[in-house]
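Going down the list, the protein sequences come from chains A, B and C.
Numbering follows full-length UniProt numbering, with no gaps: position 305 of the first sequence is 305.
Numbering follows full-length UniProt numbering, with no gaps: position 121 of the second sequence is 121.
Numbering follows full-length UniProt numbering, with no gaps: position 94 of the third sequence is 94.
Just to be clear, a hint being listed does not mean it is correct.
What the hints assert, rightly or not - When the alpha-carbon atoms are kept at most 27 angstroms apart in a straight line, the in silico BS3-like pairs for lysine-lysine are as follows: (1) C/K181 to C/K273; (2) B/K315 to C/K348; (3) B/K53 to A/K310; (4) B/K181 to C/K54; (5) C/K181 to A/K273; (6) A/K111 to C/K315; (7) B/K181 to C/K348; (8) A/K273 to C/K273; (9) A/K348 to A/K310; (10) B/K299 to A/K315; (11) C/K315 to B/K273; (12) C/K229 to A/K273; (13) A/K53 to C/K273; (14) B/K273 to A/K273; (15) C/K181 to C/K299; (16) B/K184 to A/K181; (17) C/K348 to C/K273; (18) A/K53 to C/K348; (19) C/K299 to B/K315; (20) B/K315 to C/K181; (21) A/K315 to B/K184; (22) C/K111 to A/K111; (23) A/K310 to B/K315; (24) B/K310 to C/K273; (25) C/K229 to C/K299; (26) B/K184 to B/K273; (27) A/K315 to B/K181; (28) C/K111 to B/K310.
As the list claims (entries may be wrong) - With the Cβ distance kept under 10 angstroms, some of the chain A side facing chain B (calculated, not the full set): (29) W127; (30) K310; (31) L313.
Since the hints were derived computationally from the structure, they do not count as laboratory data.
As the structure is a computational prediction, the values presented were derived from the model and not from experiment.
Backbone N, C-alpha and C define an ideal beta-carbon position, used for all residues, glycine too.
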Amino acid sequence: MTELTKGAQLIPNGMLDDNYPRNMWWCAAHVDEVTDRPMARWLLEKPVVMYRKKDGTPVALDNRCPHRWAPLSEGRVIDDQLVCPYHGMQFGADGVCTRVPTQSTIPPSAKVQSYPLRQAGRFLWIWMGDPDKIDHAPVDMGYQVNPDWSVVTAYMEVDANWVLIRENVLDLTHIAFLHAKTFKQGDWENPASVSMEGESIVYRQDFEPSPLSPLFCAGFGFPDGKVVKREQEGRMPSLAVSFSDWNVHDIAAAPGERIDYLVRGAHIVTPGKRGETHYFFAAAFDVPDVSDEVLDQTKTNILDAFNEDKDLLQKIQRLVSEDPRGLDFPEINLGADGAGVRVRQILKRKLDAERSA
Amino acid sequence: MTELTKGAQLIPNGMLDDNYPRNMWWCAAHVDEVTDRPMARWLLEKPVVMYRKKDGTPVALDNRCPHRWAPLSEGRVIDDQLVCPYHGMQFGADGVCTRVPTQSTIPPSAKVQSYPLRQAGRFLWIWMGDPDKIDHAPVDMGYQVNPDWSVVTAYMEVDANWVLIRENVLDLTHIAFLHAKTFKQGDWENPASVSMEGESIVYRQDFEPSPLSPLFCAGFGFPDGKVVKREQEGRMPSLAVSFSDWNVHDIAAAPGERIDYLVRGAHIVTPGKRGETHYFFAAAFDVPDVSDEVLDQTKTNILDAFNEDKDLLQKIQRLVSEDPRGLDFPEINLGADGAGVRVRQILKRKLDAERSA
Amino acid sequence: MTELTKGAQLIPNGMLDDNYPRNMWWCAAHVDEVTDRPMARWLLEKPVVMYRKKDGTPVALDNRCPHRWAPLSEGRVIDDQLVCPYHGMQFGADGVCTRVPTQSTIPPSAKVQSYPLRQAGRFLWIWMGDPDKIDHAPVDMGYQVNPDWSVVTAYMEVDANWVLIRENVLDLTHIAFLHAKTFKQGDWENPASVSMEGESIVYRQDFEPSPLSPLFCAGFGFPDGKVVKREQEGRMPSLAVSFSDWNVHDIAAAPGERIDYLVRGAHIVTPGKRGETHYFFAAAFDVPDVSDEVLDQTKTNILDAFNEDKDLLQKIQRLVSEDPRGLDFPEINLGADGAGVRVRQILKRKLDAERSA
Ligand code: FES
Ligand code: FES
Ligand code: FES
């Protein structure tokens, strides 16, 4: 990785390099993506294959056969074992080879790396660093499987470094410009106030009554243009996850009617190949039983908006990659970068710790 | 850049490397390309954004926001200022930031580089080196905006180093082979004589009466196959520009009728991304009021011919890029390379001067 | 080239590097591909142009004009000479320039490299190393032009290193897995026995009676599902060529009827650009006058099967190229790798010899 304090950047983000810690939980997949058929995905620049055993246990292995390096994901799952497509070696969920079709002896070194997987909310989380260093659980996302909430999830492959997305979702002032035609929530005249609560970055900001973004009205059962008071609150408990809470108050609620609502966005990023990021997203309304029609439309609208981010971030990544000046270019921080700058500080601390270990 | 006198090449052209001087005027655009909407173009391996102020002044800025590096060309022009598409910072024509939407203070370092632009003929010229070193004007192209002339212009993006195009247009003997089916002007049995006039390379060559290339007959109002005497004269006043004059004499002109005609090609090249060149072209007949139909057809015919060059030069560039021997391959000079060899000598002198400065 | 005994691999194959000997015959083309029109092909990472003289002699030259590096294959053949498309220099079959259109003197250094070509069977073979080191003929393939045999040939461009194909065709146990739906010959429970006969790798294996692969039934005039006894025998007389003999015995032949049949596959590989391989193939039945319909169908079926190899080998190549661990990844040898491992030993010996010479 590029040195984190070089050149003209205050705290360079290393977006062209290998800039992710290994000893933490990253999101590997939505739970529904992993089935009894092998599925390939690059995670932290490694090829991984995932599948699910008959009892439902998800499995993640290096997607590269130790014999002649065939991608195991091209093979089949038989009896909870993965069969290589090339010469048929079989591997169990622990990565150990259990069968070589053309011989009775199995070489003791015949195994692939197996990675710990855990479920949290609607996602599966993988630990690709040293398994002896697992000292915490993935971030709690229980609300995503709580029937009191209505949830939509989405996935995007973004050809940009994960830090670009992380900074994007922690500075909502861009909504006023980049999403002027989708979010239609232009009242970001001031930056949020940012603080640390333990290891988590937290930002908070109050807004005067104004029409709520059309992206969220339907989920709450509001008519478009509904005027509400908002408090925005964000929280990044892990480099892999941040939550964005829109606390919405119905200032015209009749006596006895519900006043307070919440829609929580979860922004989940995982480095894939160099310069590519898996971006998982969940939007959850604290309202039960929102209809599929409303959720589907909400998802479509959110994807329209997030594609504006994807498009711009990809252009930034390509620009920086193609510009011979690369990362050696001035970078100015604004007041609204409070959360983003802390991301880089946390990242630098974690990388320094891993690399000196 | 590869050393200019290495290996088997007499004067290698460094076509795989960064091989262009900065302290000179290069063509940035045709005047009509720059409007009140931002336009992106890579020039000398830098991303540049251009737009025009309300009073018509053209502006060129670094196309990379100093905040989070968004391409400014994705934003909008408001009140002669460029607004970043991401968080809305505004920059004036001098590159200085004039507004940060979420704060009242503007960081003093908030600016992008602004590049001098000047108009000459139908093109805009940019100085991307040290602005204090501007010691001359762009090459005069006044004839292109003189109503006594009829002019067509064209633009091509060529995936080849600019020197390949420069050498191509300074050795017209290739017309007999590469353009046998388009130019149909096969009478190049001898090389031109080449000399220096001040800083300009000049070549001259006389031809016996023969049918004029069909590319130019219509522009002069001649029937196809018209037999004329020709003197070809070329001039390269700058590495960015060369002129190719076809002096044509109507040897069958009736007494009192016009005898002498001239069509002048301007070959204008600008390095873009590595290995890519912007190729601007103007063909001008010293005949007023040639009809649009004739000019359009002339342009189509010229593009057919120049696409033969483009196709071959791209194949050469790709061949040299893919061949592990790269630039380290024999290169023989012929008598017809007199002008081309001087291009490399001038280039080497300029690069040496810039690099030792 | 990567050191041949590095890291975790027993005998690394250097598949990401330049890993081919030069002083040997490699296949340049099928005889029918080379005609009186120039044909371009990258061989051993060099651009080569081939054509045929009027008397039928095939010619191979460096496909890069020594003047301004145009690909000669874009030009024309005139009087057994190749004419450069750019400025018309002419080169004879020995690569020496015989004409410069714009001058009477030909520079003595004006020549391109000419490569020896020889025919064997239905293919042309090229020697791209030191021509003084030619000490043997290409592998004999006389059976391919013997009317007692019926032959189909095919060609594929594979985006994978040639060693991957070489190892693939020398370990037929993969047929049981990768080709389960095409070859349908699943009886590979044991590895073949492998030995050296002189410089040739040889493998042999006997099979109990079982239905013959549908790929070969029609060529022999057998109904699909015909039960036969088989002896498989392979032979690699050169890194460029291996033969795979399927000796088939009709155990239900009526007295006096033919019992023994042979279909011989020839697997011919040539490195092209880095990471790309030309794969020529011939399947020959020792049966005269098999109909074109049967041969065409056989070719289609074989290509279906070989595309399974191509697809997987390309995925392996891409996986190893994209995985930052590259060649530095464990690689286990199985009993069935006897022939493949000898390939690497021969390759290492040859490369060491060439590089120390
Ligand atoms: S490559 Fe997996 S079994 Fe051979
Ligand atoms: S990137 Fe331009 S204002 Fe933020
Ligand atoms: S490049 Fe071949 S003759 Fe000029």
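Status of the hints after comparison with the structure:
About 32 angstroms separates the Cα atoms of C/K181 and C/K273, which puts this hinted pair outside 27 angstroms; it is violated. Using a Cα cut-off of 27 angstroms, the hinted pair B/K315 and C/K348 is violated, with the two alpha carbons roughly 35 angstroms apart. Under the criterion of a C-alpha separation no larger than 27 angstroms, the hint pairing B/K53 with A/K310 is inconsistent with the structure, at around 30 angstroms. The hinted pair formed by B/K181 and C/K54 meets the criterion: a straight-line CA distance of about 26 angstroms does not exceed 27 angstroms.
The hinted pair formed by C/K181 and A/K273 fails the criterion: a straight-line CA distance of about 33 angstroms is larger than 27 angstroms. Only pairs whose Cα atoms come within 27 angstroms are accepted, and A/K111 paired with C/K315 is accepted, the gap being roughly 20 angstroms. As the CA atoms of B/K181 and C/K348 are separated by approximately 52 angstroms, the hinted pair breaks the 27 angstroms bound. For the hint linking A/K273 to C/K273, the alpha-carbon distance of about 25 angstroms falls within 27 angstroms, and the restraint holds.
For the suggested pair A/K348 and A/K310, the alpha carbons sit about 25 angstroms apart, so the restraint of at most 27 angstroms is met. Restraint check for B/K299 and A/K315: the C-alpha separation of about 34 angstroms exceeds 27 angstroms, so the hint is violated. Of the supplied pair hints, the one linking C/K315 and B/K273 is violated, its CA atoms being roughly 31 angstroms apart against a limit of 27 angstroms. Straight-line distance between C-alpha atoms of C/K229 and A/K273 comes to about 49 angstroms, which puts the hinted pair past the 27 angstroms bound.
Distance restraint check for A/K53 and C/K273: the Cα-Cα separation of roughly 43 angstroms exceeds the 27 angstroms cut-off, and the hinted pair is therefore not satisfied. At roughly 24 angstroms between alpha-carbon atoms, B/K273 and A/K273 fall within 27 angstroms of each other, so this suggested pair holds. Of the supplied pair hints, the one linking C/K181 and C/K299 holds, its CA atoms being roughly 16 angstroms apart against a limit of 27 angstroms. Restraint check for B/K184 and A/K181: not satisfied, since their Cα atoms lie roughly 55 angstroms apart, outside the 27 angstroms limit.
About 21 angstroms separates the Cα atoms of C/K348 and C/K273, which keeps this hinted pair within 27 angstroms; it holds. With a C-alpha separation of about 43 angstroms, the suggested pairing of A/K53 with C/K348 is violated against the 27 angstroms cut-off. A distance of roughly 34 angstroms separates the Cα atoms of C/K299 and B/K315; the hinted pair therefore is violated under the 27 angstroms criterion. Between the alpha carbons of B/K315 and C/K181 the distance comes to roughly 42 angstroms, so the proposed pair goes past 27 angstroms and is violated.
The straight-line distance between the Cα atoms of A/K315 and B/K184 is roughly 45 angstroms, outside the 27 angstroms bound, and the hint therefore fails. As the CA atoms of C/K111 and A/K111 are separated by approximately 55 angstroms, the hinted pair breaks the 27 angstroms bound. Annotation: proposed proximity of A/K310 to B/K315 is violated, straight-line Cα distance about 34 angstroms (limit 27 angstroms). Distance hint between B/K310 and C/K273 is fulfilled; the C-alpha atoms sit about 24 angstroms from each other, no more than 27 angstroms.
With a CA separation close to 23 angstroms, the supplied pair C/K229 and C/K299 stays within the 27 angstroms bound. For the proposed pair B/K184 and B/K273, the alpha carbon gap of about 34 angstroms is over 27 angstroms, so the pair is violated. Among the hinted pairs, A/K315 with B/K181 is inconsistent with the structure: their alpha-carbon atoms are about 42 angstroms apart, more than 27 angstroms. At roughly 25 angstroms between alpha-carbon atoms, C/K111 and B/K310 fall within 27 angstroms of each other, so this suggested pair holds.
A least Cβ separation of about 31 angstroms between A/W127 and chain B goes past the 10 angstroms threshold, and the interface hint is therefore violated. The restraint placing A/K310 at the interface with chain B is violated, with a minimum CB-CB distance near 13 angstroms, outside the 10 angstroms limit. With 10 angstroms as the threshold, the beta carbon of A/L313 comes within range of chain B, its nearest partner Cβ sitting at about 9 angstroms, so the hint holds.
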